[in-house]
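Those sequence lines, one after another, are chains D, Y, L and G.
All residue numbers for the first sequence refer to our numbering, where the first residue is 1 and numbers rise by one.
All residue numbers for the second sequence refer to our numbering, where the first residue is 1001 and numbers rise by one.
All residue numbers for the third sequence refer to our numbering, where the first residue is 2001 and numbers rise by one.
All residue numbers for the fourth sequence refer to our numbering, where the first residue is 3001 and numbers rise by one.
Simulated from the structure, these hints should not be mistaken for lab results.
Every residue, glycine too, gets a C-beta built ideally from N, C-alpha and C.
It cannot be assumed that every hint is accurate.
Facing chain D, from chain G, some residues (calculated, C-beta under 10 Å) [said to hold, decoys possible]:
id: 1; residue: D3022
id: 2; residue: E3025
id: 3; residue: L3028
id: 4; residue: H3065
id: 5; residue: A3096
id: 6; residue: L3105
id: 7; residue: E3113
id: 8; residue: T3115
id: 9; residue: P3128
id: 10; residue: R3285
Simulated restraints on C-beta separations [as the list claims (entries may be wrong)]:
id: 11; chain 1: Y; residue 1: H1069; chain 2: L; residue 2: A2542; range: 25 to 33 Å
id: 12; chain 1: L; residue 1: I2407; chain 2: G; residue 2: R3205; range: 49 to 57 Å
id: 13; chain 1: L; residue 1: K2503; chain 2: Y; residue 2: V1118; range: 20 to 28 Å
id: 14; chain 1: Y; residue 1: F1005; chain 2: L; residue 2: A2014; range: 29 to 37 Å
id: 15; chain 1: G; residue 1: M3163; chain 2: D; residue 2: E313; range: 47 to 55 Å
id: 16; chain 1: L; residue 1: Y2004; chain 2: G; residue 2: G3120; range: 56 to 64 Å
id: 17; chain 1: G; residue 1: R3205; chain 2: D; residue 2: E313; range: 54 to 62 Å
id: 18; chain 1: L; residue 1: T2054; chain 2: Y; residue 2: H1069; range: 25 to 33 Å
id: 19; chain 1: L; residue 1: R2373; chain 2: D; residue 2: K360; range: 39 to 47 Å
id: 20; chain 1: G; residue 1: G3120; chain 2: L; residue 2: N2010; range: 56 to 64 Å
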Amino acid sequence: MKHRTVTIDPVTRIEGRAKITIWLDGHGDVKDAHFIVFDLRMFEKFLEGRPVEEVPQIVTRICGICPVSHHLASAKACDMLFDVEPAETGTLIRELMHMGQYIHSHSLHFFFLAGPDFFTKGREQGLLALMRERPDLAKKAIQVRKVGQKIVEKTGGRAIHPVTALPGGVTKRLSRREVEEMAADLSSVKKDLRELVNACKEGLLDRKKLTLNLDSQRSYYSSLLNDGDFNLYDGMIRIITPEGKIAEELSPNNYLTQIGEHVEPWTYMKFPFYRKAGWPEGAYRVGPLARLNVAERMPTPEADREFNEFRNEFGKPAHNTLLYNWARLIELYYAVERAKEIVENEKIDANDVRRAFKIKGGQGIGVIEAPRGMLIHHYAADDEGIIERANLIVATTQNNTHINRSVRDVAKRRIESGRIDERVLNDIEVVVRAYDPCLSCSTHTSDQTNLEVTILNEDGEPLKVLKR
Amino acid sequence: MPEKFEPYIFGFLCNWCGYAGADLAGTSRIQYPPNLRAIRLMCSGRVDPAFILTALKRGADGVLVVGCHPGDCHYINGNLRTERRVALLKKMLSNLGLDDRRVRLEWISASEGEKFAVVVREFVEEMRALGPNPLEGNMNET
Amino acid sequence: MRAYAESLPNVSVAKTYTYVCSEPGQQLIRKDIREKKLNRVIVAACTPSLHEPTFRKVLEEEGLSPYLFEMANIREQNTWVHMQTPKEALELAKAQIRMALARAEKLEELHPKEVKIGRNALIIGGGIAGISAALDLANAGFNVYLIEKSPTIGGRMAQLDKTFPTMDCSSCILTPKMVEAGRHSNIKLVTYAEVKDVQGYVGNFKVKVLKRPRYVDEKKCTGCDECSKVCPVEIPDEFNAGLSWRKAIYIPFPQAVPPAYVLDEKNCLGLTPLACAKCKEVCEPEAISYDQYPTEIDLEVDTIIVASGYEPYNPIVDEEYNYGVYQNVLTALEMERILNAAGPTSGRIVRPSDLKEPRSVAYVQCVGSRNERRNVYCSRICCMYAAKQARQLKEKHPGMDVYVFYIDVRAFGKGFEEFYEKTCREYGVQFIRGRIAEIDEDPETKNLTVKAEDTLLGRPVELEADIVVLSVGVTPGQDTKAIQNILKIPIGADGFFLEAHPKLRPVDTTVDGIFLCGTSAGPKDVPDTVSQARAAASGATALMATGKYIIQPYFASVDEPLCGGCGICLPLCPFNAIALEEKVAKINEALCKGCGVCAAACPATAIKANHFTDEQILSQIESALSR
Amino acid sequence: MKLRIALEGLGACAGCEIAILDLHEEILSLLEDLEVDYAPILMDKKILNENVDVLLLSGSVRNKHDAEEAVRLSEKAKITIAFGSCASFGGIPGLANLYATRELLERAYLTTESTDNKEGILPSEEVPPIEQVIKPLKEWVEIDYKIPGCPPQPKMIKEIFQMLLNRKPVTLSKKTVCDECDLKREEKKIKRILRWGEGEPDGSRCLLEQGYFCAGPATRAGCEAKCIAALTPCRGCMGPPENVTDQGARMVSAIASVAAVDEKDRVDPEELATMFKDVVGTLCRFSLPSSIISRKVLERKSK
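Given only the sequences and the hints, what does the whole structure look like? Please build it.
Written out as C-alpha cells, the structure is:
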C-alpha cells in the first residue's frame, strides 16, 4: 500500500482531464495502473427538488455529445413515472432524434477522432490531420455529421441539448417540408457513407494485426435488445457471458436487481458490475462492441450485411477492444437506414405527437442505448411530481473497469523490467480512444482524453511522466 | 459571549404612505429602536427584488418594505405588484435556505405613525430572535 | 456630525446652521454653490416633504438642476424617534448622511419638461354636468366639443318634473342652459354620436367620434311634426320611461337641442331597401334624406371631461318587488313622468292597470342601494326625491295616503332636513321605518298589499296601496366600461369612475388632462353635479390657460438597445404610458407619473426610473450597510 | 498573421466545443485565417506553452484542478473568453450550489440505489479535491468577454470569430430572447402558472401569456429563440441580459408583477408563490452561481 502514501499533486503537473498512474513492482514490471477521472458534477443530487417534466431538459447538460440519449432516457422515465403511453408519432420523432444523434456522434468519433488513427499518417492526428491529408474525405465526414445534427435540430428543436421531449411524447410535430428535407439528406448521405466506410475499413484491415493484438478483454457484455433484434431505442436488457451465452435477460425496470456500482477512492468514476457475477468479476462492457456481441441480427439490410461480415470475421463474442471502432461503423449504417425508415413512415408528420398526462408521484425508469452504451435514468417523485431521488448509470461508466484493465494490459506489454517503451503512450491512447469514453457523461468533460501517464517506482516515487 | 446582537433593518418606504407614516411617527415623537436604515421611493412598486437581495447580501438582517394600503396606492396598484413580488421572492429565499421572515411587507398609511413604530419595533425584535443574517459580508460578524 | 460629513469623499464643504430653510440659511447655500462651484447639495435636517421644494428652488436659481439636491431626514426619522438612544441615533445619522451622499453622487441632471397645451376641450356627455362644464369653458374662451350619445342634450334632468328641495321646475331651469349650449359659438355640439377612440395625452389627445346618421338635416328641420304623424311605427317612448308611445321618426321632447327630428333607423320599417318612405314624402323643407351614413369625426383636443352620467337601477332582477309583473309597481322615474304636466298622462295621477286615480301610494326606499346583494353604496338622491314626489302627490290630492318605507332618511344637503320635516309634518306623508318583505297583488282589482316590519315599533305592518313606487338608485352608466377602455381611466369597486384622490383631487383622474364630473363618478344630485362640473371645467381651464404644461422629470425611459419587447411593462402602467412599437417599449413622458413599477419589473433592466435609478438605489443600500 | 486560438473545457459537457464543430463546412474556411493552437476536441493535444491570441474556456470550475487549469491557461492568452453559460454564469452544474458538498458526494457515491459501497468510500485519493461552490469563471480568472449559451449557437460563434479575426471588440445583441421570438403578444396578465406539459399550448401566442413559465424576457438574445420555435418555453440558458446581475430575481419581479391584480381575477400572492414548484431551479437554472445569493445558505442558530 506504500504507493498510496506518495503525494503527487495531481493537479499542477498534468494537462488533461484524466490521468493514468502506473505502479511498478520491485522488478520494474507493471503492478497496477489506474485510469483516474477527475471530474464530477453530481446531477443525481441536484435533480432532487426539480419538477419531473423539467428533467428531460436538465439532464441533456450531462453531455454535449450525446444529449439526445439523456433527453430521451429521461423522457422515457418520465412517461413511466406519470403513467402515460407516449403518442405514436411522438415516439417515432423521438427515435428519429436518437438516430440523428447516432449519425452525429458516431461520425464525430470515427471520422474526427479515432478513425484518423487508421488512415492518416502524420503524428498530428484528429480532424485537422484528416483535413490536411484527405480533404475529400474530411468534407464528406463533415457532411455526414451535419445531416445527423440537422435531424436532431428538426426533431429536438436544437442540435445540441434538444428540448422537445416531454412526458407523453414531444412538443412539436414535423412539417411535411421538414420530413422531405430529412429524407433527401439521408439519401445523399448514404453514398458518402459508403465511400467513407470503405476508406476506414481499408485502414482498419491494413492494421488488422495491430487492431486485434493491441488489446483484448474477456468480459461480460450488456445491451438492449428487442426479440433478438439489435435496437437502440427500446427493448430488454440482455447480459451475455464472456463465452457468449445469455446470462440474463431482464426488463429495464428491474435493472437494480442485476446492476450494481462499485466505488474506488482514487477516481470520481464508479464501476458498475453484473450482480450475479459479483465485483469485480461481473464487470461488463457496453457500447457498439457489446451491442453487436449481444445482438442476433440487425433489422436493416446494409447494416445486417456488415454485421454478418463482422461476425464471420471475428466471431461471437468479439473481445478485441479495437473492434469497438469497427462496430461503430456498422451502427452508423444502421442509424442512417433506420432514420430513413422512420422518415418514410407515413405517420411521421401526423399530429399525434403528445398525450396529456396527470401530475402524480411514483417511480420512473428509462433505459436507452446511448452511442457509448446502455444509459439508465431512474427517478422517484412525490405526489406533486417533484423529484425525490434520481439515479443515473451512464454509458462510459460501465466501461470503466475495462478501460482500466486495458490500460494496465497495454502498459504491461510495453513496460518490462523497468524498460519503458516510449510507444506506451500512443498505444494507451489508441486503446482508450476505442472505448470512445465520454467522460462528460460519466462525470467528466471533454470527449478526447489528454493523457498524462505517470509511472511510479516501487516506492511510489515518480519515475517518468509521459505526456502529449 | 459577543455583545448583544443588534440587527440592521433596511427599509424601502413609499413616498406617499410609508415615508409619510414614518414622518408622522417623528412629529408625534413615537419612539422606536434605531435599527432601521430606510430610503424613500416614489412607490413600493419601485422595489425590485434585486434591491432586497442586495440588502440581504450586504448584511441587512431584515428588509422592510412599506407601501400604501391596498386601494390607497398613489399609483393605483403598484403596491399590489410588490406584494406579489415579495411573496415569490420569499419563496425563492426559503429555497435558498434563508428564513423568509427576513423580508417583511407592511401597509402603513400616512396617518399611521403609531403603526410604523410598532412594526419597526416588532421587526427588530423578531430579527434579534432570529439572529444574524448568515450570508457572507454580514457586517455584524467579527 | 459636521466633521464626519466633511471627512467623506467628494464632500467639499459641510456646515451647520440652525434654520437652513430660512432665507439666511438659503443664502449660505447659494454662496457656497457660487464660491465652491458645488454641483450637488445635501441638507441633513427635516423630512424632504417639507422643504425639498425650497432647496430645489435655491439650486435652480443658482443655475443647477434642481434635481441635484438630496436630503437626509435626520429629524422626523431619527432624533425625534430615537430620543433615548443618542449614541445609536448618531450612528444612524452618519449612515443617513452616507446614504444621501451615495445617492447624491449618482444623481443626474434633470430638468422639468414643458409641453405645449392648446385650448380645446372634449366633453363626453350632454347632461346637466356636460352642459355646465361646456358653458364655463366656452365662456372662458376655450373651444368645446360636446359629444352626446342620444339625439338631444339634456340628459336625465330633462326627464325630471320638479327638483328638490326648491321644487322648481326642472325643464324651466335646464332648457335655457341647453339652448345656450346649443348656440354658443365656442361650443361644437355633436349629438347622436359616440367617442370611439382616444389616443395621446394631455395637450395632445387624438379623438375619433362616430356620428350616427340622423336622416334629418338639423338645419332644415322646422319641427313641424308632419313626418311623425305619417309614420306607421309605434314604439315605447324612452323619454316617458316607456309609459307612452313614439314614432320611428320623432323628436325626444319638444325642448330638444338641437331642435330637430331624428329617424330611429332600428325601428324604421326599412331604409335599405326602402320600405315605407312616407316621412320623406311629407317633409316640406326636404330635411329628410335616407342616404346618410355613419361618419367618423377626428378631433384634436387638449383636455377631456367625462360627464357620461348614470343609469337608474333596474329592479326587474329583484323578485320581491314583482316589478314588471304587477302593473301597478312603478319606478320613481316612471312616477316622475306621470307627475309631469307634459308627461304621458299630462300630469294626471293614475295607475297603469286601470288608469284610475290611486287612493294610496307606497314608496319603497333603497331599491338597488345599500344592499349587499346589489349595490352597497347609498344612491344619495332617493330619500329626497321620494319625499319630493310624496309631497307632490299630497299637493295634488291631499286625501291620498302616501307611505314611505325607509331604512333611514338621509337628508344631508342644504335645506334637505327642513324639506323632509315639512313633508312629514305639514303634508302628512307617513314615513315608516322598515324594509318591505313582500308585495302581493289582488289578481282582480290589481290592488297591492305591502307587508313590512316596522322596525321602530317592532311590529309587522300590512297595508294596501294602489301604487307601489320603487325608489330606485343610481348605477354606473351603460357606457362606463367602454369609456374606461377608451380613456384608460380606472373604475372603482362601485363601478363608477375613480377620482385621483377622493378628497383633494375629486374631479381629476389618474390621467393628466382627463377630468370627471357628475354621476359618472358616483351618485349625486343636481347641485352637486353642477358644482363638480364647474370644478372640472376649472381644472381643465387651469391646465389650458397658460398654454404650457410642466412634466416632472421623474418619468421612466427605455434604453432601446436593451429592450426585447416582451411586453411585461405594458399592463403594469396604471396610466397606460407604455406602448410597444416594433418590439420596443416606448414610454410617453407626458403620461408617465414616475412610480417606477415598470423599471422594477423590466426583466432586461431596459427601463430606467429617472431620479430613482437602480444605480442610485443600490448605492444607497451599499452605503447604508457599510461603515 | 493567423489568429491563434486555444480551446479548453473545464468541468462541463463538451457541448460548447461541439457547437463550434456545428459550423460544419464553414470551419474549413475559418481555418484559413485561424490557427488552432490547442484544442483537445479537434486534435491531439500539444502542450500550450506559447502565448495565444484567444483562449476560449468553457465549463465550470468544479474541482481544484479546473481552477488551476483555468489560471494556467489564461496566463498564456491575450484574450480570455468565458465560452458558454457554465463559464459565464455557472450553468446547470451550478444547481449543485443548492446542496452541501457532503450531500452531493454522499448521494453520488453512497446512497444511489445501484451503488454498492458498504465501506462508505468517497473518492478522495489521487483525484483533485472538489470545490465547495460553483462560481462563474470570472471569479477565478480575468475574463475579457462572456459568450453566453448552453451551448452558444453556431451562428453566434461564427459572428464572434469574425469579430476576433478582424481584431474587433466582441459585441453581442443586448436584447432579450423576446426580441427573437415570433410568437404574438397580446396581454401579459398571469392568472396561473402551469406546469410544462399541462394543457395544450397555443403555438402562435406568447407562452408566458398562456401561463407557461418562459424565461425569455430575462434571458439574453442570441439563441434565435429556437426552443420557443419548437414550442418549448425558454429556460434561460443564455443567461441574464447585459446589465442584469440576477436573472432569477428579474424573473421573479417580472412574473409577479404581471400576476393579475384586478378585482375579478386576482391572483393571491401566496397562491402565486405556490404555483411555482421550484423557484430557484426554474428561475435560476443556468445562472445561480452568478446570482446575488449564489448558493444555499443555512440559518445559524441564534446565540
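Going through the hints against the structure:
1. D3022: Constraint on D3022 of chain G satisfied, holds at 6 Å.
2. E3025: With a minimum Cβ separation of about 5 Å from chain D (threshold 10 Å), the hint on E3025 of chain G holds.
3. L3028: Result: holds, 7 Å to nearest chain D Cβ.
4. H3065: Cβ of H3065 of chain G sits 4 Å from chain D, so the hint holds.
5. A3096: holds (5 Å)
6. L3105: holds (7 Å)
7. E3113: holds (5 Å)
8. T3115: OK, holds: T3115 of chain G within 10 Å of chain D, min 5 Å.
9. P3128: Check passed: Cβ of P3128 of chain G comes within 5 Å of chain D, closer than 10 Å.
10. R3285: holds (7 Å)
11. Y:H1069 with L:A2542: 25 to 33 Å: holds (30 Å)
12. L:I2407 with G:R3205: 49 to 57 Å: holds (50 Å)
13. L:K2503 with Y:V1118: 20 to 28 Å: Once the Cβ atoms are compared, 26 Å apart, the range 20 to 28 Å for V1118 of chain Y and K2503 of chain L holds.
14. Y:F1005 with L:A2014: 29 to 37 Å: holds (33 Å)
15. G:M3163 with D:E313: 47 to 55 Å: holds (51 Å)
16. L:Y2004 with G:G3120: 56 to 64 Å: Once the Cβ atoms are compared, 58 Å apart, the range 56 to 64 Å for G3120 of chain G and Y2004 of chain L holds.
17. G:R3205 with D:E313: 54 to 62 Å: holds (58 Å)
18. L:T2054 with Y:H1069: 25 to 33 Å: holds (30 Å)
19. L:R2373 with D:K360: 39 to 47 Å: holds (42 Å)
20. G:G3120 with L:N2010: 56 to 64 Å: holds (59 Å)
Violated hints: none; the structure is consistent with every hint.
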